[in-house]
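Chemist: Using the sequences plus the hints, can you model the full thing?
Chains as they are written, first to last, in this note's numbering: chain G, 22 to 377; chain S, 22 to 377; chain Y, 22 to 377; chain Z, 22 to 377.
Careful, some of the hints might be misleading.
Note: identical chains are not told apart, hence a pair may lie in one copy or across any two.
As a list, the in silico DSBU-like pairs of lysine-lysine whose alpha-carbon atoms are at most 35 angstroms apart [unchecked claim]:
1. Lys135 x Lys151
2. Lys282 x Lys202
3. Lys135 x Lys282
4. Lys41 x Lys282
5. Lys318 x Lys335
6. Lys282 x Lys294
7. Lys265 x Lys41
8. Lys202 x Lys318
9. Lys202 x Lys320
10. Lys202 x Lys23
11. Lys335 x Lys320
Note that these hints are calculated values from the structure, not bench results.
Protein chains: 4
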Amino acid sequence: MKLVHDPIHGYIELDEFAVKLVDTPEFQRLRRITQLGFAFLAYPSARHTRFEHSLGTFHLAKEIRRYNPEIEEEAVYAALLHDIGHYPFSHTLEGLFPRHEENTVWLIKHGEIKDVLGENNSNLLIKFLKHPVVSGDIDSDRMDYLVRDAYYTGAAYGVVDLERLVRNLIFTEGMLVVGEKGIMAAQNLLLARAMMYPTVYFHHTAKIAEAMLRKAVELESIGLEEIRTMDEIDLVSRLRRSCKNEVRELMRAIDERRLYKRIYCSGRELEEKEVMKLVEELEGEFGHLALVDHPPKPKYEERNAFVRVGEEVKRLSEVSPLVRSLVELKNVHWRWCVYARRDVKDEVEHFVKRLL
Amino acid sequence: MKLVHDPIHGYIELDEFAVKLVDTPEFQRLRRITQLGFAFLAYPSARHTRFEHSLGTFHLAKEIRRYNPEIEEEAVYAALLHDIGHYPFSHTLEGLFPRHEENTVWLIKHGEIKDVLGENNSNLLIKFLKHPVVSGDIDSDRMDYLVRDAYYTGAAYGVVDLERLVRNLIFTEGMLVVGEKGIMAAQNLLLARAMMYPTVYFHHTAKIAEAMLRKAVELESIGLEEIRTMDEIDLVSRLRRSCKNEVRELMRAIDERRLYKRIYCSGRELEEKEVMKLVEELEGEFGHLALVDHPPKPKYEERNAFVRVGEEVKRLSEVSPLVRSLVELKNVHWRWCVYARRDVKDEVEHFVKRLL
Amino acid sequence: MKLVHDPIHGYIELDEFAVKLVDTPEFQRLRRITQLGFAFLAYPSARHTRFEHSLGTFHLAKEIRRYNPEIEEEAVYAALLHDIGHYPFSHTLEGLFPRHEENTVWLIKHGEIKDVLGENNSNLLIKFLKHPVVSGDIDSDRMDYLVRDAYYTGAAYGVVDLERLVRNLIFTEGMLVVGEKGIMAAQNLLLARAMMYPTVYFHHTAKIAEAMLRKAVELESIGLEEIRTMDEIDLVSRLRRSCKNEVRELMRAIDERRLYKRIYCSGRELEEKEVMKLVEELEGEFGHLALVDHPPKPKYEERNAFVRVGEEVKRLSEVSPLVRSLVELKNVHWRWCVYARRDVKDEVEHFVKRLL
Amino acid sequence: MKLVHDPIHGYIELDEFAVKLVDTPEFQRLRRITQLGFAFLAYPSARHTRFEHSLGTFHLAKEIRRYNPEIEEEAVYAALLHDIGHYPFSHTLEGLFPRHEENTVWLIKHGEIKDVLGENNSNLLIKFLKHPVVSGDIDSDRMDYLVRDAYYTGAAYGVVDLERLVRNLIFTEGMLVVGEKGIMAAQNLLLARAMMYPTVYFHHTAKIAEAMLRKAVELESIGLEEIRTMDEIDLVSRLRRSCKNEVRELMRAIDERRLYKRIYCSGRELEEKEVMKLVEELEGEFGHLALVDHPPKPKYEERNAFVRVGEEVKRLSEVSPLVRSLVELKNVHWRWCVYARRDVKDEVEHFVKRLL
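Modeler: Quick look at the structure:
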């Protein structure tokens with residue numbers, strides 16, 4: 022057994038099998054995948070990585086299982102591995118490649134992790150990646166990242182009574198539901214998440230840098246096979262050494278924090294076709310100097326958090342008016358934007374206005 | 022100048038005049054008025070007093086004024102003195118006597134504080150007790166108590182980014198409004214408050230003890246003139262030494278935490294008359310062994326928190342769906358209850374059922 | 022099982038037997054015994070009580086036993102009860118009465134606790150009060166109070182890695198020794214303690230108030246039989262209502278924080294006889310207006326903290342030069358003092374100078 | 022003015038001039054220089070960078086100046102820039118290149134920073150890098166890094182009462198001395214530092230990885246001109262792409278955390294000549310598979326911390342036996358070691374034993 026010191030959970034115990042998984046190159050790569058992408062450009066101290074987060078998620082999954090021993094042990098190791106598929110700068114590149122969950126599956130099937138697990142167990146573990154302990158609305162993943170992201174950004178919004186929540190999660194009929202005494206803590210978790218979105222996760226500074234990086238990766242034509250196992254050092258050094266001027270320029274601008282400016286932002290929904298057209302027109306006119314950032318609408322899956330009141334299982338949103346109102350928030354914070362390099366700001370603004 | 026060390030604010034600076042006010046018997050009495058009444062029966066560590074809270078409120082008021090120098094200095098001293106009228110165990114006895122705000126005014130007019138202030142200034146300061154810096158929906162009072170109560174109970178709900186809020190409060194046209202960059206912090210403050218209510222402030226254990234104390238004070242026929250300047254030692258020792266059996270018994274039961282049991286609870290609204298009748302009937306039948314606890318409905322004054330968006334001043338509830346939904350919460354958590362001593366639990370239950 | 026929320030340890034689990042002990046009047050009395058005596062006059066927020074501390078000590082003892090199951094269960098309940106003998110304002114009155122440990126034994130033998138324990142178990146438990154888990158140099162008592170006192174005063178000195186220490190305490194040959202990986206944490210505990218002494222525990226403001234209270238209790242001729250079960254409300258209300266002017270005056274001065282002034286302080290050792298003479302002379306001349314405070318020298322028992330290095334058990338002071346140097350500190354901070362009421366300050370000063 | 026949110030100091034205010042300095046490529050490079058080198062291999066969450074630390078140092082310097090307005094403003098900007106010369110992985114490569122302070126001077130003279138400052142001011146600022154506010158025994162640099170490193174590692178040792186210390190630093194006769202009320206806080210700072218050394222800064226896991234990286238850089242023959250402006254991405258990607266097998270192998274082993282093993286460690290002092298011989302012999306026999314790590318003895322400059330007691334300025338070590346004993350600690354924790362790749366562990370061990 023090995024002990025890892027962690028500012029969030031104190032000491033995290035890794036059993037022998039967990040140590041073997043952690044000691045694979047795929048898992049060690051997570052040390053070089055920033056948890057919050059470019060959030061550090063707005064919150065300089067947000068430098069934590071998927072590595073610590075994965076250990077923390079494992080720890081909480083184990084704690085939840087301690088109170089619910091009928092949960093299969095595999096779910097706990099699935100919690101450990103659930104994020105190994107993240108690309109450099111976490112969610113940044115998911116617009117260009119399949120979602121990181123698919124890459125997690127691929128790496129478990131093809132990496133050294135498979136040697137540790139054996140083929141049968143690999144397939145079994147892949148199934149457990151969907152287990153509610155690691156992939157529900159109130160799960161070990163979300164519990165860890167909220168508290169951790171709050172700690173590292175210094176944001177006041179992510180303080181959650183993890184111990185109370187863990188003690189009041191009940192695994193029943195294949196679901197992880199919140200017991201009555203945990204309702205406030207669960208509500209607090211979802212509220213914390215709702216407040217972290219606009220202040221941290223969707224911070225416009227990070228959004229702009231992410232759009233710039235996406236453009237650079239696109240121009241560099243990096244393929245899925247390459248990106249699967251790249252860490253941030255591979256990717257950034259590749260872009261810095263690109264033979265394309267535009268790519269080097271974009272990367273350098275990110276490195277030196279000379280970010281593009283927001284030209285236009287809107288909460289109005291666009292059809293796929295409209296987005297495509299906008300992208301094309303801007304690209305035709307300005308090339309890499311103007312970028313469209315049209316993120317997918319966030320799914321606040323609050324509707325799928327369940328609580329047990331007496332003998333009944335209900336949706337948390339039924340019980341809590343606050344959680345109910347979180348649904349409304351979606352439309353408040355979602356935005357698509359156009360960014361442009363400072364020197365062409367006015368031209369792009371003019372062009373966009375004419376276009377819309 | 023004097024420095025007071027405080028776990029919430031670090032160091033609190035008291036200028037010479039503040040020291041004089043703090044050094045009066047009225048202010049020192051606050052050291053013996055528990056901030057959260059009997060909450061310590063549920064949260065043993067909630068032993069902080071109105072004294073620390075008053076210093077903290079003063080400190081925050083001064084900070085707000087630092088960013089808004091047009092606020093009159095008197096408002097800051099009003100913040101210091103705003104709670105000196107609290108009766109023993111804070112809000113517990115407000116059902117029997119005038120609200121503590123009235124007692125604050127009385128003590129400023131009649132105590133040694135008047136000698137420090139002089140008559141003119143006393144009257145002036147009394148007016149400033151209503152100043153938005155100390156008596157609004159987002160004010161130094163609330164900012165201090167939420168964070169402090171969370172710290173001392175260990176509750177995870179009261180973490181608020183005080184610095185961000187202070188830096189973004191704008192005093193304008195006689196109002197203290199929240200600037201755009203403070204909206205999330207303000208929303209968080211109101212959410213924190215909404216979560217502290219059911220978990221801490223309305224904790225049923227504290228509620229029962231409070232009802233028991235109210236009964237004892239009522240039976241002991243303690244008058245307003247007496248209670249005005251009593252601290253908790255005066256009151257408890259008086260009740261312990263009462264010549265009435267019932268009073269001594271109630272006080273001892275509180276001391277030894279042998280609390281009455283909840284017999285009945287309901288969120289249904291009753292008319293004043295109905296409450297009176299219920300009280301009388303129960304009293305007639307069971308004397309001090311059964312108690313009706315019909316608290317006033319909490320005023321979540323969220324509606325009166327204002328924000329400045331661009332040049333416009335709006336209600337925070339207009340801007341934030343979460344704050345809007347706090348209004349609904351009122352009806353979720355408000356309850357009136359009947360409590361009874363354990364040995365007559367069944368009889369009282371039976372009696373109440375027949376009655377309703 | 023019952024869960025108690027605690028800002029230091031998160032949730033403290035009380036088993037059924039612990040609940041029975043906690044529900045006795047003797048244990049509930051601890052809610053009205055301030056942990057740090059009059060330290061709150063210097064650190065207003067230091068209002069925590071022996072009650073929370075006792076629960077925390079119990080919790081840590083249980084944790085230590087979890088890693089050392091050969092420790093008898095009785096030691097854990099001894100940890101729960103170890104402080105029930107404290108007099109009002111904790112150590113303040115130990116100069117006038119037997120040490121609180123003796124009163125703990127008396128209360129276990131004569132209180133309702135005996136009814137819960139039964140006679141045999143009472144005697145057994147009394148023996149376990151000396152168990153190293155609760156009464157060593159590095160034990161659950163000290164681990165709890167340092168961290169708790171730091172939290173409530175806001176002092177930066179009491180931060181200790183409790184989890185690391187707990188995980189590295191080894192119960193062997195009737196001793197609780199520190200394993201190699203816990204040495205830094207243990208050293209830190211002793212350093213923290215050494216820094217809490219001058220800044221908090223020996224803060225001169227508290228010392229003066231304590232000397233004043235001792236004088237009042239002495240003048241009031243309160244006997245051991247009375248004080249044994251008194252809480253702070255009993256004592257203070259008794260002194261406030263004394264028929265002796267001097268007693269009422271002293272108590273009122275404490276209540277209003279009009280404290281005596283330090284006239285003279287010295288680290289020079291006096292013989293018992295000299296102290297007696299000084300006390301008598303001052304008393305003869307000034308009565309209760311001048312007080313001698315000659316505290317016992319603190320025993321920094323650092324010498325008796327043991328560590329296991331390899332197979333060998335050594336003194337911690339052998340291994341750590343820092344711990345070794347703590348011994349020197351004793352003489353740096355110990356002082357005896359003379360205090361006097363402000364209005365006779367000069368006369369007393371003059372008198373003392375002539376005398377010495 | 023710009024506000025940066027920081028978990029340690031709350032909000033850091035950057036004035037317009039500071040923003041200009043921060044916006045240079047040299048300063049932005051610090052975002053990619055890990056504060057604690059390879060400590061993250063032992064403490065996974067220690068991912069903070071010189072960037073945040075530099076902002077924090079600037080903030081504290083400004084705070085110190087607030088209480089000592091006679092300090093020249095240049096000292097505060099020197100605090101901001103004091104670390105821009107750090108090489109990748111902070112102190113790791115200082116054995117191969119001039120100390121980072123020299124590189125700081127070079128970058129101020131040759132980088133874009135010079136364009137911001139102008140030539141005269143550049144030279145002036147370089148002088149202020151030696152100012153006691155940023156380069157003393159108790160200075161803004163040390164105050165920031167201790168608290169920050171403790172926060173990010175989760176170590177309990179770095180908690181320091183920064184506010185008390187800042188309020189009690191006195192700039193007098195060109196020195197920054199500690200006022201009487203800050204002595205405990207200053208002592209605590211030095212103790213915290215002394216405990217961070219063995220637990221974090223000298224953690225053997227980090228030491229091994231650092232020795233491996235040094236070897237790789239040496240084998241790759243990277244010159245001073247190159248390393249001056251490299252960030253960690255430049256360096257690591259260069260080593261990964263080396264044409265030398267040994268270099269790629271070393272870098273990969275670090276990336277995958279397959280670290281060399283400790284073969285031998287000793288606190289015995291060696292002469293330069295002896296070290297050279299040992300290095301040569303091992304290299305001759307084992308090439309890059311065995312490494313000698315002979316770090317310079319740490320200078321605990323505790324002797325140069327000064328306090329003002331009354332009118333006199335004294336060394337802190339004169340006043341505090343604990344600080345005095347820190348000097349002894351040097352020899353306790355200093356070690357030189359031999360490391361080897363796992364598969365040649367036994368051969369190297371055998372060889373070293375024969376040699377010594």
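Chemist: Are the hints correct? Go through all of them and say.
Modeler: Taking the hints in turn, this is what the structure says about them:
no., hint, verdict
1, Lys135 x Lys151, "within (18 angstroms within a copy, 55 angstroms between copies)"
2, Lys282 x Lys202, "between (47 angstroms within a copy, 19 angstroms between copies)"
3, Lys135 x Lys282, "between (45 angstroms within a copy, 27 angstroms between copies)"
4, Lys41 x Lys282, "between (46 angstroms within a copy, 18 angstroms between copies)"
5, Lys318 x Lys335, "both (26 angstroms within a copy, 27 angstroms between copies)"
6, Lys282 x Lys294, "within (25 angstroms within a copy, 59 angstroms between copies)"
7, Lys265 x Lys41, "between (41 angstroms within a copy, 29 angstroms between copies)"
8, Lys202 x Lys318, "both (32 angstroms within a copy, 24 angstroms between copies)"
9, Lys202 x Lys320, "both (26 angstroms within a copy, 25 angstroms between copies)"
10, Lys202 x Lys23, "both (33 angstroms within a copy, 13 angstroms between copies)"
11, Lys335 x Lys320, "both (20 angstroms within a copy, 29 angstroms between copies)"
When held up to the earlier numbered hints, the structure conflicts with none and fits them all.
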